[in-house]
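So the chains spell out like this:
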Amino acid sequence: MDKLIETLSGVCPGIDFASETDLVDDGLITSLDIVMIVTELMAVYGVRIDVDDLTPENFRSAETIYELVRRAGER
Amino acid sequence: MSLTSWSFLLFAAVAVAVYYILPKKRRWWALLAAGVVFYAQGGVSVMGYLAVTAVSTYLAGAALGKLNSDRRAMPEEKRRESRGIFDRRRHLIVAAVCVVNFGMLFVIKYWDFTAEAISAGTGIALPTFGLLLPMGISFYIFQSVGYVVDVSRGSVSAERNFFKYFLFVSFFPQMVQGPIDRFGRLQPQLMEGHDLDTDNLRDGIQLMMWGYFKKLVIAGRASVAVAPVYANGGAYPGSVVAFAVLMYTVELYADFSGGIDIVRGTARLFGIDMAENFRRPLFSVSLAEFWRRWHMTLGAWMKDYVFYPLSLSKPFAALGRFSRKRLGGTVGRILPTSLATFIVYFIIGIWHGANYTYLAYGLYNGGIITASILLAPTYGRLKGALRINDKSPLYRGFCMVRTAVIVFFGRYLTRAPWLKMSFIMLRQTFLDFRISALPSGLAGLGVGAADIAVVALGCCAVVGAEALEERGVRIRQSLAKRGFFVQWMGILVPLAVILFFGILTGNGGTADFIYGRI
Chain B
1 MDKLIETLSG VCPGIDFASE TDLVDDGLIT SLDIVMIVTE LMAVYGVRID
51 VDDLTPENFR SAETIYELVR RAGER
Chain D
76 MSLTSWSFLL FAAVAVAVYY ILPKKRRWWA LLAAGVVFYA QGGVSVMGYL
126 AVTAVSTYLA GAALGKLNSD RRAMPEEKRR ESRGIFDRRR HLIVAAVCVV
176 NFGMLFVIKY WDFTAEAISA GTGIALPTFG LLLPMGISFY IFQSVGYVVD
226 VSRGSVSAER NFFKYFLFVS FFPQMVQGPI DRFGRLQPQL MEGHDLDTDN
276 LRDGIQLMMW GYFKKLVIAG RASVAVAPVY ANGGAYPGSV VAFAVLMYTV
326 ELYADFSGGI DIVRGTARLF GIDMAENFRR PLFSVSLAEF WRRWHMTLGA
376 WMKDYVFYPL SLSKPFAALG RFSRKRLGGT VGRILPTSLA TFIVYFIIGI
426 WHGANYTYLA YGLYNGGIIT ASILLAPTYG RLKGALRIND KSPLYRGFCM
476 VRTAVIVFFG RYLTRAPWLK MSFIMLRQTF LDFRISALPS GLAGLGVGAA
526 DIAVVALGCC AVVGAEALEE RGVRIRQSLA KRGFFVQWMG ILVPLAVILF
576 FGILTGNGGT ADFIYGRI
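Protein chains in written order, with the numbering used here: chain B, 1 to 75; chain D, 76 to 593.
For the record, the hints were derived by calculation from the structure and aren't laboratory data.
Keep in mind that the hints are not guaranteed to be accurate.
[As the list claims (entries may be wrong)] Quick list of the computed label-pair ranges, beta carbon to beta carbon:
(1) D/Gly-118 x B/Gly-73: 48 to 58 Å
(2) B/Leu-28 x D/Asn-464: 30 to 40 Å
(3) B/Gly-73 x D/Ala-126: 15 to 25 Å
(4) D/Ser-157 x B/Tyr-45: 24 to 34 Å
(5) B/Leu-28 x D/Ala-512: 18 to 28 Å
(6) B/Asp-26 x D/Gly-118: 43 to 53 Å
(7) B/Glu-67 x D/Leu-567: 46 to 56 Å
(8) D/Ala-170 x B/Asp-22: 52 to 62 Å
Glycine residues also receive a C-beta, built at the ideal position from the N, C-alpha and C atoms.
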């Protein structure tokens, strides 16, 4: 999780990913940030994230993003 | 039937009456019949285009629904093995429906422009068709194709009943200028037989009144100077040109957002809550944010169905690997996303119409937003060095003004009949401003002090109301909590203003909506 938060903070500096729980609805990340996060996650973790995975639910917090990466790794 | 006509109000009133007279399970019939009657006035060919979209997307949705359910019924292992075949099939169906619908849209909306451009460039004469653009075609095609993609992704179930689906495509308030709603959000509301609720009626009427105020009082008067100046910008001093562009900026917002308020207010009469299309764009601190607040349903459509798939496509993934390796750093990391952003805003530009002005408008928006993404790290360092607090009200105010100026200059492009005229108008603004010529110029255009005063006061009312909403005040909900007298005043006062300033003393020449021609 620490590595993930470090990765996320590198893409979107200034956001406290460790404590934020509603990144999308609170307007902290936009669609542009989501795509930049996903491309970074795919590059760092070597997973394949599909367009169907780009739902607000998967990007609410660092934990939901962690779960997304875990599921993508299992595919 | 214009949304601003008395016949539309009568039509809506009859539809509301029939809706609530029918048994709850049959109330959607009233909406379906209203949609058919409303749209059929455009003629048989217009209905034909609508039928092509409705039938093709319905069949595609049904095929995808069957594909999804067949796959769900498979054992886990087989499901995993068949993923590639399944994905190819669903992509094929989505591609086919896109070819049919966007192909039809291309022929109707863009073919003549393309043929003329090719003829001018190569000397090869291509035929043009001179087809009239059917009302709302850009909106209902996008909405229907969005449904097909949603079924393909499994986020909604396919609608089995064609007539229920046809209502989703042809719900009459949205037929003029959207909003582009989603099946998963709108369809359950269309099917639910809503109870007659005075809160919904009052809320709907108030929203409609606000829309009529914006359209008839503000947009109607702001439009007076617009047409002649955009038609012959070189004949006017820069101050008059800039005034006309400012009035067009006001007109466009009042016209489009006012029309959407009328549409959403009408839907509210049936207890239906349509998607929000504007969220106070004047308060945007960047052009990207402006586009998240302006025509939100188009932006959301582009995000879900163009930007995301494009950004995660194989060519963009390859570009990402290449740019990270060769360029490195922040630029290498964000280059593919920036390119996808540029393409999306370019498409948004040409979605508005077949003209070089819209091509330029797409490049203008895409170029500025892409540059702002690529330069964001530099801005960050600059703000740090200058010790600028980007959360301070002063800095936010500066950003709002900067965004408004960028939007204002974009309006030189979108209304001009051809691109050269936009440049002529810009030349007049920068090289021949002559503020002293403004009073006589406006008098020559028939713009009186009363028109300017009404538009200015109207804008103050809109900005004031939006500033309150920006601070979290919900004006209509607050009114609903007040006594009967205050609630009715919330309807009667705007009605009196609309009747006097919009109808009795207005110019009465703006029954059509600007986005109704898209």
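Pairwise beta carbon distance, D/Ser-157 to B/Tyr-45, judged against the given window 24 to 34 Å: The hinted range 24 to 34 Å holds for D/Ser-157 and B/Tyr-45, with Cβ atoms some 26 Å apart.
Whether the CB-CB distance between B/Asp-26 and D/Gly-118 falls inside 43 to 53 Å: Since the Cβ atoms of B/Asp-26 and D/Gly-118 sit about 48 Å apart, the hinted range of 43 to 53 Å holds.
Outcome for the supplied range 15 to 25 Å, where the beta carbon pair is B/Gly-73 and D/Ala-126: 46 Å, violated
Range hint compliance [Cβ, B/Glu-67 to D/Leu-567, 46 to 56 Å]: 54 Å, holds
Outcome for the supplied range 30 to 40 Å, where the beta carbon pair is B/Leu-28 and D/Asn-464: 18 Å, violated
Pairwise beta carbon distance, D/Gly-118 to B/Gly-73, judged against the given window 48 to 58 Å: 56 Å Cβ-Cβ, so the 48 to 58 Å window holds.
Cβ separation of D/Ala-170 and B/Asp-22, checked against the hinted range 52 to 62 Å: Given range 52 to 62 Å: violated, Cβ gap about 36 Å.
Status of the given 18 to 28 Å range, CB of D/Ala-512 versus CB of B/Leu-28: 49 Å, violated
Violation of the numbered hints given earlier is confined to hints 2, 3, 5 and 8; the remaining hints are satisfied by the structure.
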